[in-house]
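Trainee: Please put together the full structure from these sequences, using the hints given.
Counting from 1 along the sequence shown, just add 35 to a position and that's the residue number in the working numbering.
Hints are computed from structural coordinates only; laboratory data are not their basis. One or more hints might be untrue.
What the hints assert, rightly or not - The calculated lysine-lysine pairs, modelled on PhoX-like cross-linking and capped at a C-alpha distance of 20 Å, are:
1) Lys-64 / Lys-97
2) Lys-81 / Lys-97
3) Lys-64 / Lys-81
Claimed, not checked - DEER-style ranges, computed between Cβ atoms:
4) Asn-121 / Leu-163: 25 to 33 Å
5) Leu-124 / Ser-75: 42 to 50 Å
6) Pro-219 / Phe-157: 31 to 39 Å
7) Ala-216 / Leu-86: 31 to 39 Å
8) Ser-96 / Asp-217: 32 to 40 Å
9) Lys-81 / Arg-197: 41 to 49 Å
10) Pro-219 / Glu-168: 36 to 44 Å
11) Ser-75 / Ala-107: 16 to 24 Å
12) Asp-227 / Lys-81: 39 to 47 Å
13) Lys-192 / Asp-217: 38 to 46 Å
14) Ser-232 / Lys-192: 19 to 27 Å
15) Ser-215 / Leu-163: 26 to 34 Å
By construction, the Cβ of each residue, glycine as well, lies at the ideal position given by its N, Cα and C atoms.
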Amino acid sequence: MSRAPQAKAKAVAGEPLHPRSSILNATIKLFGQQGYTGTSMRDIAKEVGVLAGSLYAHIDSKETLLVEIVDAGINGFLSAVEPIVNLPLAAEERLRRAIRAHVEVVAQNPERSLVVFHQWRFLSDENLATAIEHRRRYERAFVQIFEAGVAEGVFEKTLNKRIAVLTILGALNWTPEWYSADGPATASQVGDMMADSLLSGLYVRR
Numbered sequence: 036m037s038r039a040p041q042a043k044a045k046a047v048a049g050e051p052l053h054p055r056s057s058i059l060n061a062t063i064k065l066f067g068q069q070g071y072t073g074t075s076m077r078d079i080a081k082e083v084g085v086l087a088g089s090l091y092a093h094i095d096s097k098e099t100l101l102v103e104i105v106d107a108g109i110n111g112f113l114s115a116v117e118p119i120v121n122l123p124l125a126a127e128e129r130l131r132r133a134i135r136a137h138v139e140v141v142a143q144n145p146e147r148s149l150v151v152f153h154q155w156r157f158l159s160d161e162n163l164a165t166a167i168e169h170r171r172r173y174e175r176a177f178v179q180i181f182e183a184g185v186a187e188g189v190f191e192k193t194l195n196k197r198i199a200v201l202t203i204l205g206a207l208n209w210t211p212e213w214y215s216a217d218g219p220a221t222a223s224q225v226g227d228m229m230a231d232s233l234l235s236g237l238y239v240r241r
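Mentor: Encoded structure:
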């Protein structure tokens, strides 16, 4: 998905080279607080502690930063969940593990997850198309598990599979809004509690 222009490698003469991670962290913070459209390169430069012009020695556009954040974020979720799809386990357990894995990725960096879930729409056409395809790929992973559950006779076959999956993903994508590492439950425990709630609506009706 990294089709945006590459960042320039050289720093402006006399300016210290700031680690890319510090620039990304500052950007994540500001995009999360102010939104993509409400954040300027000048804002990011101020947060990093450099002059606005100096920031362009490291990053050539605000979208370059958004692409990198969204790309790394979505790939983190894909890497955590896709291996679960084909595990030799019952579909119910695979879906539980996928839900738990999603929450665990959110817990690694809730601020980044907020940007990934809510700011990707501001990407320009080519980058937006790539982000949409990655999101659909993530959705398909959950659909595959749900379909396996229907085939096993565990999940209700009369449910609309896409609506069922989007309901799950909608709930999961909201977790960075309220998740707190200081809470009484670990990320894995939160994931299991969410799985208890979300799976209950999928089981075959007796």
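Trainee: Within 42 to 50 Å or not, the Cβ separation of Leu-124 and Ser-75?
Mentor: holds (48 Å)
Trainee: Within 19 to 27 Å or not, the Cβ separation of Ser-232 and Lys-192?
Mentor: holds (21 Å)
Trainee: Is it true that the CA of Lys-81 sits at most 20 Å from the CA of Lys-97?
Mentor: Judged against 20 Å, a Cα distance of about 14 Å means the pair holds.
Trainee: Within 38 to 46 Å: is that where the Cβ-Cβ distance between Lys-192 and Asp-217 falls?
Mentor: holds (42 Å)
Trainee: Hint says 41 to 49 Å; check whether the CB-CB distance for Lys-81 and Arg-197 agrees.
Mentor: holds (43 Å)
Trainee: Using the Cβ atoms, figure out if Pro-219 sits within 36 to 44 Å of Glu-168.
Mentor: holds (38 Å)
Trainee: Are Ser-215 and Leu-163 spaced within 26 to 34 Å by their CB atoms?
Mentor: holds (31 Å)
Trainee: When you take the CB atoms of Asp-227 and Lys-81, is the distance between them in 39 to 47 Å?
Mentor: holds (42 Å)
Trainee: Between the beta carbons of Pro-219 and Phe-157, is the distance compatible with 31 to 39 Å?
Mentor: Holds, at about 36 Å.
Trainee: Does the alpha-carbon distance linking Lys-64 and Lys-81 stay inside the 20 Å limit?
Mentor: OK: Lys-64 and Lys-81 at ~12 Å, within 20 Å.
Trainee: With respect to the beta-carbon atoms only, verify the hint that Ala-216 and Leu-86 lie 31 to 39 Å apart.
Mentor: holds (34 Å)
Trainee: Taking 32 to 40 Å as the stated bounds, is the beta-carbon spacing between Ser-96 and Asp-217 within them?
Mentor: The hint (32 to 40 Å, Cβ to Cβ) holds, given that Ser-96 and Asp-217 are roughly 36 Å apart.
The structure agrees with every numbered hint stated previously.
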